[in-house]
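Trainee: Sequence:
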Amino acid sequence: MGKKPADRVLAETEAKAFAATIRTSPRKLNLVAESIRGLKADVALNALSFSKRRVAVEVRKVLQSAIANAENNHQLDVDRLFVAEAHVGKAMVMKRWKARARGRVGRVEKPFSNLTVIVRERAEAAGE
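The sequence shown runs 1 to 128 under the UniProt record's numbering.
Please note: incorrect hints may appear among the correct ones.
[Stated by the list, open to error] Using 25 Å as the maximum straight-line C-alpha spacing, the simulated BS3-like pairs for lysine-lysine come out as follows:
id, residue 1, residue 2
1, Lys52, Lys110
2, Lys40, Lys52
3, Lys3, Lys16
[Said to hold, decoys possible] Listed next, with one range per pair, are the computed distances between beta-carbon atoms:
id, residue 1, residue 2, range
4, Phe18, Gly103, 32 to 38 Å
5, Val105, Val78, 26 to 32 Å
6, Lys61, Gly38, 18 to 24 Å
7, Arg27, Gly106, 18 to 24 Å
The hints are simulated quantities; they were obtained by calculation from the structure and are not laboratory data. Glycine is no exception: its CB is placed at the ideal position from the N, C-alpha and C atoms.
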């Protein structure tokens, strides 16, 4: 009996990877995600390898996972992949406190973010 399998949300030429609770603010993470949108997969990996931002390491892991999903789960050609989407969302915020003068408290918020990367296979050109 059982349930029927769910329909595929992505197109046949797409693969996705998702990272939950990355320990940085969505605003900072979006700066790095913005830098790889639309790039070829290998160029994006190279750009992330040499980025000075700490969160670029996490973004690189998610992109590598999306490329591996495309290759192993959906049999897509790795050489023709590009970053179709890279979007960032808010996750939880840890609230901490810091002692201040005269017995007061300063609030410290430690935000977390979610990252979704979708890679897509480029259509073959007529000359190839």
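Trainee: Now tell me, hint by hint, if it's right for this structure.
Mentor: Hint check:
Proposed proximity of Lys52 and Lys110 is supported: the alpha carbons are some 21 Å apart, at most 25 Å. Distance restraint check for Lys40 and Lys52: the Cα-Cα separation of roughly 20 Å lies within the 25 Å cut-off, and the hinted pair is therefore satisfied. Between Lys3 and Lys16, the direct Cα distance comes to roughly 23 Å. Compliance with the 25 Å bound is thereby established for this hinted pair. With their beta carbons about 44 Å apart, Phe18 and Gly103 fall outside the hinted range of 32 to 38 Å.
Checking the proposed 26 to 32 Å range against Val105 and Val78 shows it is violated: the Cβ atoms sit about 52 Å from each other. Between Lys61 and Gly38 the C-beta distance comes to about 20 Å, which sits within the given range of 18 to 24 Å. One distance hint, 18 to 24 Å for the beta-carbon pair Arg27 and Gly106, holds here, with the actual separation near 21 Å.
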